[in-house]
Amino acid sequence: MEIKFYKPDVTHIPLMQELVKDEVQSGKILLRTEDEMATTIRSYTIVEVDGNMAGFTALHIHSPRLAEVRSLVVSKDFRGLKLGQKLVTACIDEAKHYKLEQVLSLTYEKGFFESCGFHEIEKENIPEHKIWADCIRCKHFPICEEVAMVYDL
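Each position in the sequence shown, counted from 1, maps to that position plus 4 in my numbering.
Derived by calculation from the structure, the hints in this document are not laboratory data. Worth double-checking, as some hints may not be accurate.
[What the hints assert, rightly or not] Distance condition first, Cα-Cα at most 20 Å in a straight line; then the derived EDC-like pairs of lysine to aspartate or glutamate:
id	residue 1	residue 2
1	Lys80	Asp26
2	Lys11	Glu40
3	Lys8	Asp54
4	Lys25	Glu38
5	Lys11	Asp54
6	Lys114	Glu128
7	Lys8	Glu113
8	Lys25	Glu113
9	Lys86	Glu118
10	Lys114	Asp54
11	Lys90	Glu52
12	Lys127	Glu98
13	Lys127	Glu149
14	Lys32	Glu150
15	Lys90	Glu126
16	Lys114	Glu124
17	Lys25	Asp81
18	Lys80	Glu52
19	Lys100	Glu113
20	Lys90	Asp156
21	Lys100	Glu118
22	Lys86	Glu113
23	Lys32	Glu113
24	Lys80	Glu6
25	Lys8	Asp81
26	Lys80	Asp97
27	Lys86	Glu27
28	Lys80	Glu22
29	Lys103	Asp156
30	Lys80	Glu40
31	Lys32	Asp156
32	Lys86	Asp54
33	Lys25	Glu40
34	Lys127	Glu105
35	Lys25	Glu52
36	Lys32	Glu124
37	Lys25	Asp39
Can you make the complete structure from the sequences, with help from the hints?
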């Protein structure tokens, strides 16, 4: 089994949107339009297994101190291979490269992020611009069941 991580280009966007479609429909992941994905394409990392896109995530930098793991998804066909943890590790490594202090995740999967070394924080500690830029677009806003978690670098 060959596992490969790489940065996508804009030609990957349709397949990425297809891969995340079920999670977007369920409300677990925010919809990112083709244009939004294109303008942030440099923030994404794809994992491929034997030539097939198996998952992806993005590291979105909010400030010189804080970044966020976004849009983390692994295809149902490739779960159980620890690809999600490897994608999160890639985000952490990238955040270290940029000399950031913390990596944030808003998630329904608290246990998963704890296994990656994250700890829970109060949502009140999330930067306000995050709430207005993203959360307000969520189908669950303002009644959100997500947990705010951070990884200290």
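For each hint, the structure was consulted:
1. Lys80 to Asp26: holds (10 Å)
2. Lys11 to Glu40: With Cα atoms ~16 Å apart, lysine 11 and glutamate 40 stay inside 20 Å; holds.
3. Lys8 to Asp54: holds (8 Å)
4. Lys25 to Glu38: Roughly 13 Å between the alpha carbons, so the hint for lysine 25 and glutamate 38 holds.
5. Lys11 to Asp54: holds (17 Å)
6. Lys114 to Glu128: holds (17 Å)
7. Lys8 to Glu113: Violated, at about 24 Å.
8. Lys25 to Glu113: holds (18 Å)
9. Lys86 to Glu118: With a Cα-Cα distance of about 14 Å, the restraint between lysine 86 and glutamate 118 holds, given a limit of 20 Å.
10. Lys114 to Asp54: violated (29 Å)
11. Lys90 to Glu52: Within the cut-off at roughly 12 Å; holds.
12. Lys127 to Glu98: With Cα atoms ~24 Å apart, lysine 127 and glutamate 98 exceed 20 Å; violated.
13. Lys127 to Glu149: holds (11 Å)
14. Lys32 to Glu150: Distance of about 9 Å is within 20 Å: holds.
15. Lys90 to Glu126: violated (26 Å)
16. Lys114 to Glu124: Within the cut-off at roughly 8 Å; holds.
17. Lys25 to Asp81: holds (15 Å)
18. Lys80 to Glu52: holds (13 Å)
19. Lys100 to Glu113: Distance of about 23 Å is beyond 20 Å: violated.
20. Lys90 to Asp156: Answer holds: lysine 90 to aspartate 156 is near 17 Å, not above 20 Å.
21. Lys100 to Glu118: Holds - the C-alpha atoms of glutamate 118 and lysine 100 are around 19 Å apart, at most 20 Å.
22. Lys86 to Glu113: holds (14 Å)
23. Lys32 to Glu113: With a Cα-Cα distance of about 10 Å, the restraint between lysine 32 and glutamate 113 holds, given a limit of 20 Å.
24. Lys80 to Glu6: holds (18 Å)
25. Lys8 to Asp81: With Cα atoms ~16 Å apart, lysine 8 and aspartate 81 stay inside 20 Å; holds.
26. Lys80 to Asp97: violated (25 Å)
27. Lys86 to Glu27: Satisfied, since the Cα-Cα distance of roughly 18 Å is no more than 20 Å.
28. Lys80 to Glu22: Within the cut-off at roughly 13 Å; holds.
29. Lys103 to Asp156: Roughly 12 Å between the alpha carbons, so the hint for lysine 103 and aspartate 156 holds.
30. Lys80 to Glu40: violated (25 Å)
31. Lys32 to Asp156: Distance ~24 Å between lysine 32 and aspartate 156 Cα, so the pair is violated.
32. Lys86 to Asp54: holds (15 Å)
33. Lys25 to Glu40: Distance ~15 Å between lysine 25 and glutamate 40 Cα, so the pair holds.
34. Lys127 to Glu105: Given pair lysine 127, glutamate 105 holds - Cα atoms ~18 Å apart, limit 20 Å.
35. Lys25 to Glu52: Cα-Cα ~18 Å, so holds.
36. Lys32 to Glu124: Holds, because 18 Å separates the two Cα atoms, which is no more than 20 Å.
37. Lys25 to Asp39: Between lysine 25 and aspartate 39 the Cα gap is close to 16 Å, so the pair holds against 20 Å.
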